[in-house]
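Those sequence lines, one after another, are chains A and B.
Position 199 (the first sequence) corresponds to 199 in our numbering; numbering is contiguous.
Position 236 (the second sequence) corresponds to 236 in our numbering; numbering is contiguous.
If you're looking for bench data, these hints aren't it; they were derived computationally from the structure.
Don't take each hint at face value.
Residues from chain A that face chain B, not an exhaustive set, calculated with beta carbons under 7 Å [as the list claims (entries may be wrong)]:
| no. | residue |
| --- | --- |
| 1 | Arg-158 |
| 2 | Ile-224 |
| 3 | Ala-231 |
| 4 | Leu-232 |
| 5 | Tyr-242 |
By construction, the Cβ of each residue, glycine as well, lies at the ideal position given by its N, Cα and C atoms.
Number of protein chains: 2
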Amino acid sequence: MTYCVGMVLEKGLVLMSDTRTNSGVDNISVFRKMNTWTVPGERIISIMTAGNLATTQSVISQLEERTKAPEDRQNGLLELPTMFQVAVEIGKLLRDTIEKTQQANGARGKGRFTASIILAGQIEGMEPRLFMIYPEGNFIEASFDTPFFQIGETKYGRPIILRGYDRTMSFEDATKLLMVSFDSTLKANLSVGMPLDLMVIERDSFAPTHEQRVEHDDPYFDAISARWGDALRSAFHSLPDYSFEKST
Amino acid sequence: MTYCVGMVLEKGLVLMSDTRTNSGVDNISVFRKMNTWTVPGERIISIMTAGNLATTQSVISQLEERTKAPEDRQNGLLELPTMFQVAVEIGKLLRDTIEKTQQANGARGKGRFTASIILAGQIEGMEPRLFMIYPEGNFIEASFDTPFFQIGETKYGRPIILRGYDRTMSFEDATKLLMVSFDSTLKANLSVGMPLDLMVIERDSFAPTHEQRVEHDDPYFDAISARWGDALRSAFHSLPDYSFEKST
Chain A
1 MTYCVGMVLE
11 KGLVLMSDTR
21 TNSGVDNISV
31 FRKMNTWTVP
41 GERIISIMTA
51 GNLATTQSVI
61 SQLEERTKAP
71 EDRQNGLLEL
81 PTMFQVAVEI
91 GKLLRDTIEK
101 TQQANGARGK
111 GRFTASIILA
121 GQIEGMEPRL
131 FMIYPEGNFI
141 EASFDTPFFQ
151 IGETKYGRPI
161 ILRGYDRTMS
171 FEDATKLLMV
181 SFDSTLKANL
191 SVGMPLDLMV
201 IERDSFAPTH
211 EQRVEHDDPY
221 FDAISARWGD
231 ALRSAFHSLP
241 DYSFEKST
Chain B
1 MTYCVGMVLE
11 KGLVLMSDTR
21 TNSGVDNISV
31 FRKMNTWTVP
41 GERIISIMTA
51 GNLATTQSVI
61 SQLEERTKAP
71 EDRQNGLLEL
81 PTMFQVAVEI
91 GKLLRDTIEK
101 TQQANGARGK
111 GRFTASIILA
121 GQIEGMEPRL
131 FMIYPEGNFI
141 EASFDTPFFQ
151 IGETKYGRPI
161 ILRGYDRTMS
171 FEDATKLLMV
181 SFDSTLKANL
191 SVGMPLDLMV
201 IERDSFAPTH
211 EQRVEHDDPY
221 FDAISARWGD
231 ALRSAFHSLP
241 DYSFEKST
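Chain A extracted, bound-state conformation (with noise of 0.2 Å):
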């Protein structure tokens, strides 16, 4: 599986991915799933993908081949007016890509090609845009209400973040918040895996802030897990009692 979460704040970005892909327990393997693309000074794009591989990577490849190759670049991403054009962009390119697979294997893979994108950046003159793009090529923005979009397996560290996230927070806090929701979704589900990948971008730097590949035995990342759990547990305590007398 994958767990991947963007996260708008007053600041700017933060971007976290796990790289673990699998096609069942015993095949396992390290990718990145997050990319990133600049034009210093002007704009950054970054996506994080989840679902099937061979789609996300084709997805990629195909984005890549604009960014390099000069004649097919009147679509690509670096020249694009706006984030919403990046958007419709890469969602028609993940329908493409999804619907030539299914057709090619018929009511056989049905289902089976899907895959999800977090687009995440700024381009300048205009606000950092958070994304979700669905396997149908269409897409969500986040808003106030909703600033920050998970893909993968989302729900274990969800509660975390939905108690923890606060606009105004700093990019550490963010980093933190978002290092406590991985381990709990690394402790529950094994298709989720280190190392983890990081990125914070200030608004209106359009270059990444921050970047860091979190490794197996990275020291923060094992001590927010060994403490964690104290510190659930510490929470848990600061509750007030149930008592079987009051209720009955």
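With chain A held as given, fit chain B onto it using these hints.
Using the frame of chain A, we list chain B on its own:
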């Protein structure tokens, strides 16, 4: 959907279930998912059900009839000598009920009528036991390493149980833990809903030690729900801070 949890403690068994059933989001009802039978001083048997309501109600009806009509009692829950045999009997009923409905509906109904059951109880002279019964009629038993079972919408509420569970905990603490787990689940999935049913069965009591229906306006549940957010945020802030400098 549904959320039910059964736990084995040193002191006995703790069960909690929600009561929401839905067919789509515009057709919701309240149904009790926890059913208990006792022979005072000799045995207590409780089951919680998730899945197709017609299937689980049919299983319960068949079980209830057996406890009521003397001529059918030879395989009844109240006369089987061990919890293992009770699990076998319920598993058989569950599988047969699902199969009958599937067959009557042909391929159209495939997979639509499944259900799962958590079985908990104790018979005099034996240990309290906890089982998870699958739609196929087979089952697993809780062990020292896996001392609780969840059915239905299990993911949102799982991390806190994994972190908070302790075999030696009091019934009061276990109840508090389940309330936190249910609160996270209720917040995330509309198809899990109040009121909740709670039952505590002390070892060798062969009767419910404590039963409660936790209603919408339950002051204790409201306090847990309101304060858990703050407690989680405090726990989160007690963790070491991430620093961009140290890791780049």
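These are the hints, each one checked on the structure:
| no. | hint | verdict |
| --- | --- | --- |
| 1 | Arg-158 | holds (6 Å) |
| 2 | Ile-224 | holds (6 Å) |
| 3 | Ala-231 | holds (4 Å) |
| 4 | Leu-232 | holds (5 Å) |
| 5 | Tyr-242 | holds (4 Å) |
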